[in-house]
Amino acid sequence: MALDDRKSVFTFVGTRPDRPDGLDKVTGRAKFGADAYAPGMLHGAVLRSPHAHARIVKIDTSKAEAHKDVKAVITRADFADVPFRPGLEGEFWNVLENVMAGEKALYDGHAVAAVAATSALAARDALKLIEVEYEVLPHVTDVDKAMASDAPVIREGAADYSVPEGLHPNVVRYHESGHGDVEAGFAEADLVIEDSFVTEATHQGYIEPHACLGMLGNDGKGELWCTTQGHWIAQKTCAALLGIETSQLRVTASEIGGGFGGKTTVFIEPVALALSRKANRPVKIVMTRSEVFRATGPTASASMDVKIGMKKDGTISAAQGVFRLQGGAFPGAPGDMTAMCAFAPYNLTNVKQIGYDVMSNRPKQAAYRAPGAPMGAFAVESVIDELCNKLGLDPVDVRLKNAAHEGTKASYGPTYERIGLVETLEAAKAHPHYSAPLKPGQGRGISCGFWFNHGGETSVSLALSEDGSAQLMVGTPDIGGSRASMALMAAEVLGIPYENIRVTIADTATLGYNDVSHGSRVTYASGLATIKAAKHAVEKLCERAAAKWGIPVEAVKWEDGCAVPSGPNAGDFDPLALSDITADMGRTGGPISGHFEATPEGAGVSFGTHIVDAEVDPETGKTSVTRYTVIQDAGKAIHPTYVEGQFQGGAAQGIGWALNEEYIYGEDGRLQNSIFLDYRIPVASDLPMIDTVIVEVPNPGHPFGVRGVGETGIVPPLAAIANAVSNAAGVRMKQLPMSPPRILAALKSNG
Amino acid sequence: MSKLHVSTTVNGDTVEYLCDPRETLLDCLRDKLNLTGAKEGCGTGDCGACSVTVDGRLVCSCLMLGVEADGKAIETVEGIADGDVLHPLQKKFIEHAALQCGICTPGILVAAKSLLEKNPNPTEEETRYWLAGNLCRCTGYDKIIRAVMETAEELREAS
Amino acid sequence: MVEVHLWSGLRSLTGGLAVVEVEAKTTGELLRALVRAHPQLQAPIDAGVSIAIDGRVIATGLTEPIPEGSEVYLMQRLRGG
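Residue numbers (this note's numbering), protein chains in the order written: chain R, 1 to 751; chain W, 1 to 159; chain L, 1 to 81.
Chain R extracted, bound-state conformation (with noise of 0.2 Å):
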């Protein structure tokens, strides 16, 4: 749909002007999940299991209700549990089962019952009145372990078609893609290297908490003001989950404190609405730190066997890899997309891959930047960094030599369209870090990584006022300046500057469906509906002016803001502003505004190559990344200034995976570091610059080329920091993450 109207010359796409939301978030005047308030409100809080896996045998809330400042106390009970349409089974009925505990609570941190009181602190107190009888079951929290044939059982049932006979009942989904014969190519390597990897649950950690202010009435009509990535998704699912029609709850989605996956579904959002239902008053909930840890989606973590085979010049003769992911106690660990992304950077004429998504009485995972992408990548390129250093090869050459390309047969099966993954690694190889010299006790990791994009049911409005300014009305909730980057293209149709355009979040009542800001897909999706709702716009105005002119409107064109004749034949007429058309546009035959509805389909796939230079103390096990590169194809990059940051922050978590994040489960279970201290994110003094290098292979599917860039850069990451860390130590490491207590053992049994 998009190949008809490429562009390649620009006047504003690709210019630095500062953000429309910049001055409000400044100044702490923008308005957050948790900064909406609403005369009568209520707190909301919420009781969770602190059994990893349990029979909830009874539930007795009577003493909180009798209490003088609670207002209404829920269970499970008060949710839809008799279908209703679209109906309660498949993703709605996990995610019901996933905000408020069945018969089993499955996870340390699961929600058992909530309270709504008259602030929050008596919501808090009141928790301490519900009392809870559990029956302790086994439990399982590891992903190799809940494969065992011997691992208690999450639930019954829960694997789909996929499955082969014989796997434990906790293995709920299973993928197997590839092409070639392995073995053969095997045959033909000089040198086969198999290994294997593990990593680490990690959080995605926006710094905001999940917060939401409900309002629902028993007339089934109701308001939600929540912190999401998706509000459509949130409006659907919570009219599932409480048996009211879609249309009747409005959504509106606050100002977003981080999401990259994480605010993709709802948690406690359901429960203020319940609540709110029951109180009759408005109900705001804000989660802890703590229960974001234990109670939102963390990754998958995961268990990775990989061999590779290769020729002494450098050429994959085949590869392999069985990729296990845990993804909590419900289906949905992407251990399909790890293998599909696993070896999708390289050319291969024997390739074989295989995903296992895996339950266990951990957090339902939710997406995570790349979903599945990054762990695969650390596995994968460990290998290729191992076979280059045993063979004595450049590791960019080796990459270049088996690099994909347009017309190469993808891992994943189809053949690519034009993609830039060669661009980068030139890019890499160019690049002065590449070149630039060690010092001692320094190591230097290479790594490619690939992620697929995605563009999503999308709507745009775009209205048009009488003094020529316009206002364009998108879904997808920004989470990193997009409206920015909404206004750039709008201003390149238009032909109007940029700061004419006031960008604005629409709520779910006032635009037609969209789908969640997730799979990198807003610069591409909603950004191809601002340029087509713009040039929707753009074909009235050109209508007004053949009108005035008394011209066919074949006979004008639009050019740098203003209708003209299309050529001397047209007649010889003076330019019409775009302010001189929308001046009296109520008389010449109404308002004029563009729309655009649809799905694009073109999301284009995208490629990085990251270089990291990192230094390893030999006594402490303490690692230092000295110098960071990231090089990325970005298709088009609209606004260059958050490209980079994109670029920034996905290498930033990736250091992060890499060097100290997980999540610590004990015997028993329990999360054991549930609070930032422990659960260390990277912090300024942690990080170098990072340098950012933007490549340019425009995509086909989007009018300005433009492919998503928000989640690739957090796939090259893991393995190139560890390939660093690996050369660094002399040692290789396998197990994410490379925390230093891992580091020094590794360097002790290495001798």
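Hint data in this document are derived by calculation from the structure and do not stem from the laboratory. Note that this is a predicted model, so its numbers are computed, not measured. All C-beta atoms, glycine included, are put in the ideal place defined by N, C-alpha and C. It is possible that some hints are incorrect.
Quick list of the computed label-pair ranges, beta carbon to beta carbon [what the hints assert, rightly or not]:
1) E426(R) - E154(W): 34 to 44 Å
2) R6(R) - E154(W): 55 to 65 Å
3) A132(W) - A184(R): 18 to 28 Å
4) Y129(W) - D195(R): 30 to 40 Å
Below 25 Å or equal to it, Euclidean Cα-Cα: the simulated BS3-like pairs (lysine-lysine) are [unchecked claim]:
5) K91(W) - K68(R)
6) K32(W) - K68(R)
7) K439(R) - K31(R)
8) K31(R) - K3(W)
9) K409(R) - K25(L)
10) K734(R) - K311(R)
For this one, chain R is given, so just place chains W and L on it according to the hints.
Frame of chain R; chains W and L shown alone:
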């Protein structure tokens, strides 16, 4: 539990509130004074999103009780700008895109302002260590550090 | 006719076939035709699939045209963060 009366100064204004002795200064700023610029990211003093100054000293307002503010002078992000004139740090943060989601920005601005008041010529390392108590998950800190260092340079040149 | 390439995990549902030939002009027709030819493919299609046409991944759309002679791959439904 009966509430306690507190009289204090916030951004130069005299304010009063009643608070439960268990409520933090952050709770009081947000819920009683409608100053929601300071954010609660952790409630344990680890993230710095609630940073304010109390009698000129940088503190996490989630670690201080509301009653302890009695008679003190509190400064929050809402008080950084002088009327419609932004503080140079605020301008530089917008110009450098030193924020993405912006939830950490109020705390980082309060902390950075406090740094520049104490040390007008910080090194990159000093800036990074001063801001090590303010978590940002979006930016990788690169543009934040550059914005603070550049503001410091501009302020030095201007004085 | 369209040659539809399946990921290898689906071969157990098609009697070992890695490529299935069906008559289809759009992605929606293609999925219906696949199920007619191999009813067991209903389960993976219900679980969610994407379709790559000449390398362009159609995540969910059922109305995308399939040009004559194009390369078509069935893929697991993509998810993002």
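| message | Can you tell me whether the CB distance of R6(R) to E154(W) sits inside 55 to 65 Å? | response | About 42 Å separates the Cβ atoms of R6(R) and E154(W), which means 55 to 65 Å is violated.
| field | Agreement of K734(R) and K311(R) with the hint, judged by alpha carbon distance not exceeding 25 Å | value | OK: K734(R) and K311(R) at ~23 Å, within 25 Å.
| field | Restraint check for K32(W) with K68(R), where alpha carbons must lie at most 25 Å apart | value | Roughly 22 Å separates the two Cα atoms, so the pair holds.
| query | Do the alpha carbons of K409(R) and K25(L) lie within 25 Å of each other, as the hint requires? | reply | holds, 24 Å
| said: If I claimed the Cβ atoms of A132(W) and A184(R) lie 18 to 28 Å apart, would that claim hold in this structure? | reply: Violated, at about 54 Å.
| field | Outcome of range test on Cβ distance (E426(R), E154(W); 34 to 44 Å) | value | Cβ of E426(R) to Cβ of E154(W): about 38 Å, so the range 34 to 44 Å holds.
| query | Does K439(R) pair with K31(R) here, judged by a C-alpha cut-off of 25 Å? | reply | violated, 47 Å
| said: Need the status of pair K91(W), K68(R): alpha-carbon distance at most 25 Å? | reply: violated, 49 Å
| request: Below or equal to 25 Å on CA atoms is what counts here, so check K31(R) against K3(W). | output: The given pair, whose Cα atoms are some 28 Å apart, is violated under the 25 Å limit.
| Beta-carbon spacing of Y129(W) to D195(R) - inside the hinted bounds 30 to 40 Å or not | holds, 38 Å
Checked against the numbered hints given earlier, the structure breaks hints 2, 3, 5, 7, 8 and satisfies all the rest.
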